[in-house]
Amino acid sequence: MSHDPPAIELKSIYKAFGSIQANKDISITVAAGSIHGIVGENGAGKSTLMSILYGFYKADQGEIYVKGKQILIRDSQSAISFGIGMVFQHFKLVENFTVLENIILGSEKGYLLTPALNQTRTALYDLGKDYELNVDLDAEIKDLSVGLQQRVEILKVLYRGADILILDEPTGVLTPTETEQLFRILRRLRNEGKTIILITHKLREIMEITDQVSVMRRGEMVGHLNTPDTTPEELAEMMVGRKVIHNISKSPASPKGTVLQVENLNVVDDLGVERVKGISFSVCAGEVLGIAGVAGNGQSELLEVLGGMRNGTGVVQVSDQQLDLSGPKATGKWRRNFGIAHVPEDRQREGLVMEYFAWENVAFGYHRDARYQKNPFTMDNSAIRKDAVGKMGRFDVRPRNPWLRAKNFSGGNQQKIVVAREFERKPNLLLVGQPTRGIDIGAVEFVHRQIIALRDQGTAILLVSVELSEILSLADRIAVMFDGRIMGERLPEQTDERELSLLMTGIIEQGHDPAI
Amino acid sequence: MDLLAVIQILDSTFRLATPLLFACLAGLYSERAGIFDIGLEGKMLMAAFSSAAIAAIFGSAWFGLAAGIISALLLSGLHGLASITFRGNQLISGVAINFLASGLTVLIAQYLFQQGGRTPSLSSDGRFEPITLPLADALAIVPVLGSIYSELLSGHSLFVYLAIFMVPITWWILYRTRFGLRLRAVGENPAAVETAGVSVHALRFAAVAICGVLCGIAGTYLATSLQAGFVKEMTAGRGFIALAALIFAKWRPWAALWTCLLFGFMQAVALRYQNIDLGIVVVPVQLMDVLPYLLTVVILAGFVGAAVPPRAGGEPYVKEH
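So the sequence lines, in the order shown, correspond to chains W and Z. Per our numbering, residue 1 is the first one in the first sequence, and the count goes up by one each step. Per our numbering, residue 517 is the first one in the second sequence, and the count goes up by one each step.
Among these hints, one or two may not hold up.
[To be verified] Derived CB-CB ranges, DEER-like: (1) A817/Z / P376/W: 32 to 42 Å; (2) Q89/W / Y627/Z: 52 to 62 Å; (3) Y691/Z / S81/W: 25 to 35 Å; (4) Q626/Z / K374/W: 58 to 68 Å; (5) L72/W / Y677/Z: 48 to 58 Å; (6) G619/Z / S12/W: 50 to 60 Å; (7) T601/Z / P376/W: 46 to 56 Å; (8) N191/W / L607/Z: 47 to 57 Å; (9) L607/Z / R425/W: 56 to 66 Å.
[Unchecked claim] When the alpha-carbon atoms are kept at most 30 Å apart in a straight line, the in silico DSS-like pairs for lysine-lysine are as follows: (10) K426/W / K58/W; (11) K24/W / K142/W; (12) K835/Z / K67/W; (13) K142/W / K129/W; (14) K835/Z / K58/W; (15) K835/Z / K24/W; (16) K58/W / K24/W; (17) K142/W / K766/Z; (18) K329/W / K277/W; (19) K386/W / K374/W; (20) K835/Z / K109/W; (21) K202/W / K766/Z; (22) K333/W / K386/W; (23) K24/W / K69/W; (24) K250/W / K426/W; (25) K109/W / K142/W; (26) K835/Z / K11/W; (27) K277/W / K256/W; (28) K835/Z / K407/W; (29) K142/W / K835/Z; (30) K333/W / K277/W; (31) K835/Z / K69/W.
Since the hints were derived computationally from the structure, they do not count as laboratory data. As the structure is a computational prediction, the values presented were derived from the model and not from experiment. Just so it is clear, CB atoms sit at the ideal spot from N, CA and C, and this is done for glycine as well.
Go ahead and model the full structure; you've got the sequences and the hints to work with.
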């Protein structure tokens, strides 16, 4: 440990939004030149705390010290002037600007652009070399991969002279390879004397890269630990306040007849790009087929075609009946007649109507059910509400208030509303995309249990997820998609993350499939 | 068709395109910053009235210009207050401004002058007179080039030259200055501007203010230069045509010049040729008059290919977190 004053010291920070206490008596010390992790479930107050540090919010009370000196952070501008920089989860980049333009935005050093751009170009060249942050400065942001866009954000922060970097869930959008690269950059930055605060809910990453870790729960700090002295299990327990079973216990699958049979499926998107290139696979009753892959390799389009949200070509059979892949019967409504339930990838855009009440959302797609009708012309809203309250109870939606709008639930509880709607009909086939994206550990575990329970009742389940650990723990068979093709199939017990990530990035390809 | 006729049509093309160009550039600043403005029409109208009224009362065209700019700025401020500060709906605010201007101008004009909602005709002191370029008279005798110079290029009001000059200026501001970079950024992704430590609201107000100034000039030109006084609804939809031109130009300054000239040209043709006799059929004047508007509809209906507006356009900025 160095003898420098700590890079950041927060003392007894309080912040409330109305009646909600987002941060309560938070104290934290971040040593200079270290990587400090902050973990906690969604809504634990991590982002609020960091927003206070970056000047987005003012703390109700408490003191902030940077490098030993007490300071007052009025806005982002003053945070920047104290050497604090933030890389947000959702990048703050202008899509149709070049990398260079994005980096100088807000710190142009003069009224004219041309000298500023030239000057910055040289400075960035040096920065890029020092930290292995190579990006084409003249490329437009929209043409860059997510990993490169993140590098631009990091460069932006460094260019502003930050020596304290806050990264909010930086790996959420990255491939395993990109994550590795990011971590290499972060280690390099630390070795050059920068201080890094990493906000994440992925414990594996905390263990891999941080020096110290602070755990938050419900707005409070529950502990500070030296990373080498702790275990993921201990951290998980501190985060949720109880034992979490990571490896969901499940019996081996007992697959029966084939439910979903896909042959030579092709999908071309609106821009004329071929997204799914002649893939074939099948899913049996009572098994989970996991589709692994880096986001954007055709998995979304596959789910959308099967769910009736997009047109495709090929042959898809469900319980020996052929599905229409285009035309008037290629809709979600018709899919439901085949006993297909769909938990879409983007719950806020496709799974729910955010402005509508929970009870309305529980009925959507099934609102024509006979039991929801009062007479041929009107729906029986009180029956729907009663049903919704029951479902919200059984699926542990909190708060259990049918009159709350979907947008007012946390991410995990929003997902539980979708799951409650789709799972209880005992579908023949369940399509489920990114079931636990951005939801807290408690909800993840719950959703995972429900998926396995449905499998054990004989539903065929097609699971698409970019989280390898999720695929590995839930799937009975794993198919890996890359560039619109299935690169290979594996059995979870006969493979590991390393082999799968090689398949996911197209580095190895399998000739034939002994696994099926 | 003889050369003189061509020159005369082009000559009036420039004059008719001028208010469109000012309004179009006004909209460009505002919309590039993410504030949609369908109140261009109302701002022009208000400026046309204020400038004509002040010019009539004080007998000074420059006083009129100041009044025109100030009145349009006030309406801009209103639009900014509603849509930036209070995060209201920008379309509704724009519509309200159009109605406000439409009613208020006639009401005040009637109160001040009792001439049925118009202002008195302006004397030459109250108007911006045509400027004769150096040697224009002397060179008029030179064939072709001379008449192009003296008829087409010379003899316009100050505003015609200013409007065209504003195009490279706007391009330069947009693409070569810090302000322009920030302006474009705030229309695409205000969150990026905010996190870079720059005020979104201040930038958007600046853009809206520039929009007000340019609308003010456009309206003043209509009432004190193109015509000699204010009459009810004298903008005649020019604000909306300017908006169509802006979309057609895909929010780019040079393209705005060409599209405004195209619209101006159609108006000029309609003015000159009342009924066009094609031998078999006679194209009636009404069809010619309606052409610019027809083109507006066609453009707005999306026949010109995908025009991608600034991504954050129309959305009030609310800080995240």
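Evaluation of the provided hints:
Between A817/Z and P376/W the beta carbons are some 40 Å apart, a value that agrees with the proposed interval 32 to 42 Å. The supplied range of 52 to 62 Å is met by Q89/W and Y627/Z, whose beta-carbon atoms lie about 58 Å from each other. Y691/Z and S81/W have their C-beta atoms about 29 Å apart, which keeps the hinted 25 to 35 Å range intact. Look at Q626/Z against K374/W: about 59 Å separates their beta carbons, and that is inside 58 to 68 Å.
A hinted range of 48 to 58 Å for the beta carbons of L72/W and Y677/Z is consistent with their spacing of about 52 Å. Separation of G619/Z from S12/W is about 58 Å and conforms to the stated range, judged on CB atoms against 50 to 60 Å. In this structure the hint that T601/Z and P376/W lie 46 to 56 Å apart at CB holds, the actual value being about 50 Å. Checked against the hint of 47 to 57 Å, the C-beta distance between N191/W and L607/Z comes to roughly 54 Å, which is consistent with it.
For L607/Z paired with R425/W, a C-beta distance near 42 Å fails the hint of 56 to 66 Å. With a C-alpha separation of about 49 Å, the suggested pair K426/W and K58/W falls outside the 30 Å cut-off, and the hint is violated. Distance hint between K24/W and K142/W is unfulfilled; the C-alpha atoms sit about 40 Å from each other, more than 30 Å. Proposed proximity of K835/Z and K67/W is supported: the alpha carbons are some 29 Å apart, at most 30 Å.
Taking the CA atoms of K142/W and K129/W, the gap is about 23 Å. The hint holds against a cut of 30 Å. Using a Cα cut-off of 30 Å, the hinted pair K835/Z and K58/W holds, with the two alpha carbons roughly 14 Å apart. Between K835/Z and K24/W the alpha-carbon distance is near 23 Å, which keeps this suggested pair within the 30 Å criterion. A hinted pair counts as satisfied when its Cα atoms are at most 30 Å apart, and K58/W with K24/W qualifies at roughly 14 Å.
At roughly 19 Å between alpha-carbon atoms, K142/W and K766/Z fall within 30 Å of each other, so this suggested pair holds. Proposed proximity of K329/W and K277/W is supported: the alpha carbons are some 23 Å apart, at most 30 Å. About 14 Å separates the Cα atoms of K386/W and K374/W, which keeps this hinted pair within 30 Å; it holds. A distance of roughly 26 Å separates the Cα atoms of K835/Z and K109/W; the hinted pair therefore holds under the 30 Å criterion.
For the hint pairing K202/W with K766/Z, the CA-to-CA distance comes to about 44 Å; that exceeds 30 Å, so the pair is violated. With a CA separation close to 23 Å, the supplied pair K333/W and K386/W stays within the 30 Å bound. About 23 Å separates the Cα atoms of K24/W and K69/W, which keeps this hinted pair within 30 Å; it holds. Our distance criterion of 30 Å between C-alpha atoms is met by K250/W and K426/W, whose separation comes to about 19 Å.
Of the pairs offered as hints, the one joining K109/W and K142/W holds, with about 26 Å between alpha carbons and a cut-off of 30 Å not exceeded. This hinted pair checks out: K835/Z and K11/W have alpha carbons roughly 26 Å apart, not beyond 30 Å. Between K277/W and K256/W the CA atoms are separated by roughly 28 Å; this keeps the pair inside 30 Å, and the hint holds. Annotation: proposed proximity of K835/Z to K407/W holds, straight-line Cα distance about 17 Å (limit 30 Å).
A distance of roughly 23 Å separates the Cα atoms of K142/W and K835/Z; the hinted pair therefore holds under the 30 Å criterion. With a CA separation close to 26 Å, the supplied pair K333/W and K277/W stays within the 30 Å bound. For the proposed pair K835/Z and K69/W, the alpha carbon gap of about 29 Å is at most 30 Å, so the pair holds.
The structure does not agree with the numbered hints 9, 10, 11, 21 stated previously, though it agrees with the rest.
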